[in-house]
Amino acid sequence: MRWRAYGEHAALLDCDSLTQTIAAHATVAASRPDGVAELVPGARSLLVVETPGSGALAAVRELLADADLEHPPGGRPREITLDVTYDGEDLELVAQDAGVSIEDVVRLHTDAVYTVAFTGFAPGFGYLTGLPEPLRQPRLSTPRTRVPPGSVGIAGEFTGVYPRVSPGGWRLIGHTRTVLFDPRADPPALFAPGDRVRFRSAG
Amino acid sequence: MRALEVVDTGPLALVQDLGRTGYAHLGVPPSGALDVPALKLANRLVGNDEAAAGVECLFGGLRLRATASCTVAVTGPAVPVDVDGRAAGSHAALWLAPGQVVTIGAPATGLRCYLAVSGGIAVDAELGSRSRDVLSEIGPAPLRAGDVLPLGTPSGVPGGADVVVPTVAAAELVVPVEPGPRAHWFEGLEAGLAKTWTVTAESNRVGLRLDGTPLTREGDYAEKELPSEGLLTGAVQVPPDGLPVVFLADHPTTGGYPVAAVVRQASLPALAQARPGTLLRFHSSTRVWNR
Numbered sequence: 000m001r002w003r004a005y006g007e008h009a010a011l012l013d014c015d016s017l018t019q020t021i022a023a024h025a026t027v028a029a030s031r032p033d034g035v036a037e038l039v040p041g042a043r044s045l046l047v048v049e050t051p052g053s054g055a056l057a058a059v060r061e062l063l064a065d066a067d068l069e070h071p072p073g074g075r076p077r078e079i080t081l082d083v084t085y086d087g088e089d090l091e092l093v094a095q096d097a098g099v100s101i102e103d104v105v106r107l108h109t110d111a112v113y114t115v116a117f118t119g120f121a122p123g124f125g126y127l128t129g130l131p132e133p134l135r136q137p138r139l140s141t142p143r144t145r146v147p148p149g150s151v152g153i154a155g156e157f158t159g160v161y162p163r164v165s166p167g168g169w170r171l172i173g174h175t176r177t178v179l180f181d182p183r184a185d186p187p188a189l190f191a192p193g194d195r196v197r198f199r200s201a202g
Numbered sequence: 000m001r002a003l004e005v006v007d008t009g010p011l012a013l014v015q016d017l018g019r020t021g022y023a024h025l026g027v028p029p030s031g032a033l034d035v036p037a038l039k040l041a042n043r044l045v046g047n048d049e050a051a052a053g054v055e056c057l058f059g060g061l062r063l064r065a066t067a068s069c070t071v072a073v074t075g076p077a078v079p080v081d082v083d084g085r086a087a088g089s090h091a092a093l094w095l096a097p098g099q100v101v102t103i104g105a106p107a108t109g110l111r112c113y114l115a116v117s118g119g120i121a122v123d124a125e126l127g128s129r130s131r132d133v134l135s136e137i138g139p140a141p142l143r144a145g146d147v148l149p150l151g152t153p154s155g156v157p158g159g160a161d162v163v164v165p166t167v168a169a170a171e172l173v174v175p176v177e178p179g180p181r182a183h184w185f186e187g188l189e190a191g192l193a194k195t196w197t198v199t200a201e202s203n204r205v206g207l208r209l210d211g212t213p214l215t216r217e218g219d220y221a222e223k224e225l226p227s228e229g230l231l232t233g234a235v236q237v238p239p240d241g242l243p244v245v246f247l248a249d250h251p252t253t254g255g256y257p258v259a260a261v262v263r264q265a266s267l268p269a270l271a272q273a274r275p276g277t278l279l280r281f282h283s284s285t286r287v288w289n290r
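Each protein sequence line maps, in turn, to chains W and G.
40 is the number that numbering that gives the first Met the number 0 gives to position 41 of the first sequence; each next residue is one higher, with no gaps.
204 is the number that numbering that gives the first Met the number 0 gives to position 205 of the second sequence; each next residue is one higher, with no gaps.
Just chain G, with the same shape it has in the complex (with noise of 0.2 Å):
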């Protein structure tokens, strides 16, 4: 059997594909790679299509063993990768031979680096889809030591880098963003948002929690409670402490505080490298809703 095996995870690698789309009415969670563009790229990379599964590594440490003879490729930030100690680099199709351990180091910049393998992660779907999600825990478990991940069969050739991708993750991001369904139920939203908010590291694939100057609600909202409602990947909801959350990937479906605000899907791949301390301000930029 073609697989890979797991030699080391680092602090967190998932299985990662483009998620289960259309599952969201029973309450169940997008998921899929939080980088989509860089798990495409990685895919393109080794020759798959762009939709296949690979590893989706929080801050390196990842070391694959390959049982066959494989092309693997990394992407996200900028990476150290190397095979069998030797140095091999990110962003460029990498052929292993049997045996050959892949490994990948950390990040100088950014937090999520993509490991595509030629033919895809093969697990099991669930729901059409072979993501970990973190919240509903639906999907392959984390990576573990020992963990054998079986291979796809190779469709088609590695091709080379074929788009200049950003290899370095912001230290402070602008983030342009839509008022959101409830932007009336805050008190001077857009100047609140414009102001510099901090990412914590309570983080994760659910959503970025952030700090800074807490949002207030107008007066006729201040106490006025939310029913539940449907939330998207990218919404920026606001709990009673005025602290932003924006949701990612593994948001649950529905939520009983309002959102504010919602990012522009164009600005989610910069978000998902976000690191904890990454100063971020949100730009607001209303557009004429006509349809």
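Next up, chain W with everything else stripped away, as it sits in the complex (with noise of 0.2 Å):
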């Protein structure tokens, strides 16, 4: 782990693994410091921004240099289970280049259980981790003008859903009614970096 600047009223915290990025995450996130303006978690990152003179920041790397990361706090996550009809157009690629049938694709992708690393792209779109081996396959070589809402798709070590309507590269392999975000909704996203989240099939 290493901190680097980042401007006046932030910092940013390379780490060395995806998990030790959730565990520093988790470790902030249990006893927020009083004036951390936002905590944004990346695949190999944490940004931490302060209110100016709050001194937040000194605070966060105090609290992460005692901490152990191997042991991050439990909390309790948010559990989220989604109902998904296994109906993608990219079905048949991600069972072909897995090496497995389709119907192994619904149960590799339906067994796991997925923790939401980071958002971006989009508000409400989170970056999954915990898919199974088979189903790590890259993007599409040419990404789609448009995908539907509520896709649900894989692109390397991530599984998520497209909030809304917008272009994209990742393998389709099914689609959910599940509302991910609403502006007018507390909270307005259904997906929160910590959450677990299962997907079940809907048929």
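To be clear, the hints were calculated from the coordinates, so they are not data collected in a lab.
Some hints here could point you the wrong way.
[Claimed, not checked] Simulated restraints on C-beta separations:
1. Ser-140(W) x Glu-136(G): 24 to 30 Å
2. Glu-224(G) x Glu-61(W): 31 to 37 Å
3. Val-112(W) x Ala-170(G): 54 to 60 Å
4. Val-167(G) x Asp-33(W): 36 to 42 Å
5. Met-0(W) x Pro-175(G): 28 to 34 Å
6. Gly-74(W) x Pro-97(G): 54 to 60 Å
7. Pro-275(G) x Glu-61(W): 43 to 49 Å
Even glycine gets a Cβ: it sits at the ideal position worked out from N, Cα and C.
Reassemble the complex: the two chains are provided individually, in unrelated frames, and hints are given to aid placement.
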């Protein structure tokens, strides 16, 4: 781990792995020092933004210097189960590349428990880690210009759900009717970093 | 109902307040007025709380009709303002009688003017803010002719201008930056950033896109992929083509290209007013990071 300067009121913690990133995020989130304005995990990093003059950056550095990241605070992560219809356009391609049947792709995807590692790309889009090895596959070589909302996709070490219509290069395996983001709801996003997610086949 | 009716919008008119902080971890950009001091001044001029929502008007052309008496003020770069065709001027409180129309002309320099109105614009808030985020499409849609903007209850007394503001946007900017988290990915970064960059027409509220001599990566980092990481307003991100993007308020919350430097916050209002064609150079100020 290593801290890097990020402007006047923020610092970025470089982590060695996604697991360490999730542990560092859980540690800071559990006892969130006063004055932490934003706490934004990435794939291998944690961005901490402080309210100017609050001293929160120093508090977070101290907190993490003393933390046992092998045993991060468990807290009570939210558990979310999403019903998915596995009818994605790339299902056959994914099965082929994994060397398994389509039924096996569905079983692999629904058997795993995922963690929301970080968000981005669009409000409510979560990068979910915990994807079984055979499903870790590259993005499409040509991204789609229009991916429908609710599409469930995979890319590299992540799986995720598109909250709204957007371009996208993830391989699509299914779709859900659940609303992922609603700016008038509280909380607005279904997924927040640290949440545990399961997918259930809705047939 | 006290309201302003939109008669004409000009190229782009958006409701903006001070934005929505605290949601970056959910992928929600901060948004808010790009030239924050200008919006705050406009609000003070009409007797509002500084955080009230006003209109951010790109390159003038905005015309609004008052349905009830109200006070308005226009700030940002100096700009012609008239009430029912009679010249009135920017950076001052103007009283509108019911039915009167205020028109903002085109600024001679700069890009974004701010109109505040007594009581503030009281459209519904989303995630605690009335700001339109052009990246995420959160918040009230861009204004269109015929829209009716409800106003809040006036709470204060209009005041006089209490600060001397730069009303002429610079055609050449020197932008102080601090080396960013991935400064070490680049070869001769300080000298590269100090060369002259040109603001391109692809710039918007998401970011200023710059043209110039591409920045080059250090050998070890030439082909390196960056795992997505958090972004901030003022971050100078460098995509593979070497041409930097300076992120503004509607920036994505994470991104997969290295951030080479971070603009000092005091310079953000000047960047908000940088027209395409504006020349800028970054001045690297290394601060001892010791907290």
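Here's how the hints hold up against the structure:
| no. | hint | result |
| --- | --- | --- |
| 1 | Ser-140(W) x Glu-136(G): 24 to 30 Å | holds (28 Å) |
| 2 | Glu-224(G) x Glu-61(W): 31 to 37 Å | holds (32 Å) |
| 3 | Val-112(W) x Ala-170(G): 54 to 60 Å | holds (57 Å) |
| 4 | Val-167(G) x Asp-33(W): 36 to 42 Å | holds (41 Å) |
| 5 | Met-0(W) x Pro-175(G): 28 to 34 Å | holds (29 Å) |
| 6 | Gly-74(W) x Pro-97(G): 54 to 60 Å | holds (56 Å) |
| 7 | Pro-275(G) x Glu-61(W): 43 to 49 Å | holds (46 Å) |
Of the numbered hints given earlier, the model fails none.
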